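Enquirer: Each chain, written out:
There are 2 protein chains.
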Amino acid sequence: MNYKNFPMVPRVIFGRGSFNQINDVLAPKRKSINAPFIFLIDDVFRGNPWLTSRIELAYDDKIIFIPTKEEPKTEQIDTLVEEIILQAKERPSGIIGIGGGTVLDIAKAVAIMITNSGEAKDYQGWDLVKNPAIYHVGIPTISGTGAEVSRTTVLTGPEKKLGINSDFTPFDQVILDSELTKDVPKEQWFYTGMDCYIHCIESLTGTFLNEFSKSYGEKAFELCKQIFLDDTLSKRDSQEKLMMASWHGGMSIAYSQVGVAHALSYGLAFLLGIKHGIGNCIVFDHLEDFYPEGVALFKKMKAKHDIELPQGICANLSDNDFNTMIKVALGLEPLWENALGKNWQNIATPERLRSLYEKM
Amino acid sequence: MNYKNFPMVPRVIFGRGSFNQINDVLAPKRKSINAPFIFLIDDVFRGNPWLTSRIELAYDDKIIFIPTKEEPKTEQIDTLVEEIILQAKERPSGIIGIGGGTVLDIAKAVAIMITNSGEAKDYQGWDLVKNPAIYHVGIPTISGTGAEVSRTTVLTGPEKKLGINSDFTPFDQVILDSELTKDVPKEQWFYTGMDCYIHCIESLTGTFLNEFSKSYGEKAFELCKQIFLDDTLSKRDSQEKLMMASWHGGMSIAYSQVGVAHALSYGLAFLLGIKHGIGNCIVFDHLEDFYPEGVALFKKMKAKHDIELPQGICANLSDNDFNTMIKVALGLEPLWENALGKNWQNIATPERLRSLYEKM
Numbered sequence: 001m002n003y004k005n006f007p008m009v010p011r012v013i014f015g016r017g018s019f020n021q022i023n024d025v026l027a028p029k030r031k032s033i034n035a036p037f038i039f040l041i042d043d044v045f046r047g048n049p050w051l052t053s054r055i056e057l058a059y060d061d062k063i064i065f066i067p068t069k070e071e072p073k074t075e076q077i078d079t080l081v082e083e084i085i086l087q088a089k090e091r092p093s094g095i096i097g098i099g100g101g102t103v104l105d106i107a108k109a110v111a112i113m114i115t116n117s118g119e120a121k122d123y124q125g126w127d128l129v130k131n132p133a134i135y136h137v138g139i140p141t142i143s144g145t146g147a148e149v150s151r152t153t154v155l156t157g158p159e160k161k162l163g164i165n166s167d168f169t170p171f172d173q174v175i176l177d178s179e180l181t182k183d184v185p186k187e188q189w190f191y192t193g194m195d196c197y198i199h200c201i202e203s204l205t206g207t208f209l210n211e212f213s214k215s216y217g218e219k220a221f222e223l224c225k226q227i228f229l230d231d232t233l234s235k236r237d238s239q240e241k242l243m244m245a246s247w248h249g250g251m252s253i254a255y256s257q258v259g260v261a262h263a264l265s266y267g268l269a270f271l272l273g274i275k276h277g278i279g280n281c282i283v284f285d286h287l288e289d290f291y292p293e294g295v296a297l298f299k300k301m302k303a304k305h306d307i308e309l310p311q312g313i314c315a316n317l318s319d320n321d322f323n324t325m326i327k328v329a330l331g332l333e334p335l336w337e338n339a340l341g342k343n344w345q346n347i348a349t350p351e352r353l354r355s356l357y358e359k360m
Numbered sequence: 001m002n003y004k005n006f007p008m009v010p011r012v013i014f015g016r017g018s019f020n021q022i023n024d025v026l027a028p029k030r031k032s033i034n035a036p037f038i039f040l041i042d043d044v045f046r047g048n049p050w051l052t053s054r055i056e057l058a059y060d061d062k063i064i065f066i067p068t069k070e071e072p073k074t075e076q077i078d079t080l081v082e083e084i085i086l087q088a089k090e091r092p093s094g095i096i097g098i099g100g101g102t103v104l105d106i107a108k109a110v111a112i113m114i115t116n117s118g119e120a121k122d123y124q125g126w127d128l129v130k131n132p133a134i135y136h137v138g139i140p141t142i143s144g145t146g147a148e149v150s151r152t153t154v155l156t157g158p159e160k161k162l163g164i165n166s167d168f169t170p171f172d173q174v175i176l177d178s179e180l181t182k183d184v185p186k187e188q189w190f191y192t193g194m195d196c197y198i199h200c201i202e203s204l205t206g207t208f209l210n211e212f213s214k215s216y217g218e219k220a221f222e223l224c225k226q227i228f229l230d231d232t233l234s235k236r237d238s239q240e241k242l243m244m245a246s247w248h249g250g251m252s253i254a255y256s257q258v259g260v261a262h263a264l265s266y267g268l269a270f271l272l273g274i275k276h277g278i279g280n281c282i283v284f285d286h287l288e289d290f291y292p293e294g295v296a297l298f299k300k301m302k303a304k305h306d307i308e309l310p311q312g313i314c315a316n317l318s319d320n321d322f323n324t325m326i327k328v329a330l331g332l333e334p335l336w337e338n339a340l341g342k343n344w345q346n347i348a349t350p351e352r353l354r355s356l357y358e359k360m
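Protein chains in written order, with this note's numbering: chain A, 1 to 360; chain B, 1 to 360.
Source of the hints: derived by calculation from the structure; they are not laboratory data.
Treat the numbers as computed from the prediction; the structure is a model and nothing was measured.
It is possible that some hints are incorrect.
It does not matter which identical chain is meant; a pair holds if it fits inside one copy or across any two.
[Said to hold, decoys possible] Here are the simulated lysine to any residue pairs, SDA-like style, with alpha carbons at most 20 Å apart:
hint	residue 1	residue 2
1	LYS182	SER234
2	LYS4	VAL25
3	LYS214	LYS225
4	LYS4	GLN21
5	LYS4	ASN20
6	LYS130	ASP24
7	LYS29	PHE6
8	LYS359	LEU309
9	LYS29	PRO132
10	LYS29	ASN2
11	LYS4	ASP24
12	LYS214	ARG236
13	LYS31	PRO132
14	LYS214	GLN226
15	LYS214	GLY17
16	LYS29	PRO10
17	LYS62	TYR135
18	LYS214	THR232
19	LYS182	ASN20
20	LYS235	GLU187
21	LYS4	GLY17
22	LYS29	TYR3
Please work from the sequences and hints to get the whole structure.
Expert: This is how it looks when you write it as structure tokens:
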């Protein structure tokens, strides 16, 4: 029997306004005046001095704003890495991702690809990364994905949507400042929060569950219920709790895995470019056969916050389209095994997946 | 405002039987054939091949059995470090602590003192350590203290009982194998488990509490209630849950602090050599004015498990003795400030402490 030696984020700052400490955190990590820090920032913060003015750029340090309308692509990583390497006199001192799951995953992938040759798509899978990444820092500005603690960075490549799962993926430093999440629009807040909620359901009902994952998952689940069903929380408390729920939810899948919702959602993302948070919600809404209690509670949360999910997104798809999505989804074997056990292929048939996709 | 940049254990293995992976974990960390691994093992495992035969000693690797009748002393650290340095041809590859809080704290302190000159007592306090410790691994064989995740190693020196609190203190690797706790005697199980329970109460009611500490503390508290009040758990589940409770309880005091029970218990330990777990219980039993609900629940747990605490341990003490304990206890300012706020000195007077000690 072989248990995973799980890498944890070795440094974490938690606190309202702690983003102000970013320059002090980075200073001792600067390798030379020719080795810049590269800040990858969600472009929603472009022209927002409340955030950007607190970053003290020195020498060749650089901010690159990252568009987040689409899921991160392996090609996008390759382009960013090329741009960074061509412009820097020396290998950068570090990559700092400031944003939601998309930006955090891009920051992790860029930090890996700076020290590993080839293309990002070559590393989609489990433990394919050879060399340690450069120093990388994650600063979430929206909570739920767990990208701040996970050992994956999920990318869409030419052939699949799949993470670069490796011991070198997790951040070296995370700053959890809930104030950075204060302006997230309601829909986005709900979809991304539900990513955390769905992590809990998939982890807690999965066959891979152990007491480590369980204790983290139960706490994250309980926090989600408070955040999305309890009216008495202050805005600040709710933001801080969601930040911790995302953290614990991410820790919960360390030893466990996600499940059916994530597998099907990856199919939607690959074919239709549907973003992860909303994609998970669209899928989860139809999974009462797999997660009856979890889906019932999800519907309650959705109603409470007046969330209307898109309908009929698969209405005009061809057989080929369905087959593409089904292939992507069924390729995620560990997710299915976690959800349904060793004989998952008897349950998760292509026909069953097709009928689920047809409902969406 | 300045938030702590908290160091977390960067690698963790969780699983029943995961101790079997110890040799695989250590192999890549060996610096040379002259740089041994030093295993510090609770001497309760002396002559116990079930545990020791699984450690593959190579080259100059060495097991040192550690007596755990007494709390760890600064002098003991200095002696161990001298012995290790004199016998090793090169600086050791790592220190592996296998035991309860005493052994884990000794392992952490030895790893620090191998790279820092002077005596262990010089480093008792906050952030006095200058150089990174050598690689050190923690493997708990009893659960509750949180020593496996904390940034302290609590030592009794000539003048005080106080931790070496530093960013270099936490383990580089932890292995959480609940099977190692299977033979802990009932009283020891209770006392050490209550250390975790008391961490939760002190953290959750403290003025330093934030949402990070709260979420960990609440989970640990909930697990403690299951473990110590619910009869339906299997032995294995109970052991695994206590291992996670200890972990989460330790994480909870990362940003928070302990409180009145720990401060008074340090006084008992310093003067009378009373060990930490039982000392905490003796003290906590009399703290209903400070922690009414926590103490009520503690008494329920104590009754349920037929635990008889020693009585009258302070019956024959002199004024000098009382003053010594009071001085040690009141010297722990952050603990009092966490428990009672900035004006703690108005509440925690020497007279009040004396009357509490007199009841014990």
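Enquirer: Each hint: holds or not?
Expert: Here's how the hints hold up against the structure:
1. Taking the shortest alpha-carbon separations for LYS182 and SER234, only the intra-copy value of 12 Å comes in at or below 20 Å, while the best inter-copy value is 44 Å.
2. Taking the closest pair of Cα atoms, LYS4 and VAL25 come within 20 Å of each other only across two copies (11 Å); inside a single copy the shortest separation is 30 Å, beyond that limit.
3. Proximity of LYS214 and LYS225 under a CA criterion of 20 Å is satisfied in both settings, with 16 Å inside one chain copy and 16 Å between copies.
4. In this assembly of identical chains, the alpha carbons of LYS4 and GLN21 lie at most 20 Å apart only when taken from different copies (10 Å versus 33 Å within one copy).
5. Only between protomers do LYS4 and ASN20 lie at most 20 Å apart by alpha-carbon distance; the minimum there is 12 Å, versus 35 Å within a single protomer.
6. Taking the closest pair of Cα atoms, LYS130 and ASP24 come within 20 Å of each other only across two copies (19 Å); inside a single copy the shortest separation is 31 Å, beyond that limit.
7. For a Cα distance limit of 20 Å, the shortest separation of LYS29 from PHE6 across copies, 16 Å, qualifies, whereas the shortest one inside one copy, 24 Å, does not.
8. In this assembly of identical chains, the alpha carbons of LYS359 and LEU309 lie at most 20 Å apart only when taken from the same copy (13 Å versus 64 Å across copies).
9. For the identical chains of this complex, LYS29 and PRO132 are neighbours both inside a copy (16 Å) and across copies (16 Å), given an alpha-carbon limit of 20 Å.
10. When the C-alpha separation of LYS29 and ASN2 is checked against a cutoff of 20 Å, the pair qualifies only between copies, where the shortest distance is 19 Å, while the shortest distance within a copy is 35 Å.
11. For a Cα distance limit of 20 Å, the shortest separation of LYS4 from ASP24 across copies, 12 Å, qualifies, whereas the shortest one inside one copy, 34 Å, does not.
12. In this homomeric assembly, LYS214 and ARG236 come within 20 Å of each other (Cα to Cα) only across copies, at 15 Å, whereas the closest approach inside a single copy is 27 Å.
13. In this homomeric assembly, LYS31 and PRO132 come within 20 Å of each other (Cα to Cα) both inside a single copy, at 16 Å, and across copies, at 19 Å.
14. In this assembly of identical chains, LYS214 and GLN226 lie within 20 Å of each other by CA distance both inside one copy and across copies; the values are 18 Å within and 14 Å between.
15. For a Cα distance limit of 20 Å, the shortest separation of LYS214 from GLY17 across copies, 18 Å, qualifies, whereas the shortest one inside one copy, 31 Å, does not.
16. When the C-alpha separation of LYS29 and PRO10 is checked against a cutoff of 20 Å, the pair qualifies both within a copy, at 14 Å, and between copies, at 18 Å.
17. Taking the closest pair of Cα atoms, LYS62 and TYR135 come within 20 Å of each other only inside a single copy of the chain (16 Å); across copies the shortest separation is 35 Å, beyond that limit.
18. When the C-alpha separation of LYS214 and THR232 is checked against a cutoff of 20 Å, the pair qualifies only between copies, where the shortest distance is 18 Å, while the shortest distance within a copy is 27 Å.
19. Within a single copy, LYS182 and ASN20 get their C-alpha atoms as close as 16 Å, which meets the 20 Å cut-off; across copies the closest is 47 Å, which misses it.
20. For the identical chains of this complex, LYS235 and GLU187 are intra-copy neighbours only, at 16 Å inside a copy versus 45 Å across copies, given an alpha-carbon limit of 20 Å.
21. With identical chains, the CA atoms of LYS4 and GLY17 are at most 20 Å apart between copies only, with a shortest distance of 12 Å across copies and 35 Å within one.
22. For the identical chains of this complex, LYS29 and TYR3 are inter-copy neighbours only, at 18 Å across copies versus 33 Å inside a copy, given an alpha-carbon limit of 20 Å.
Every hint, counting from the list given before, is met by this structure.
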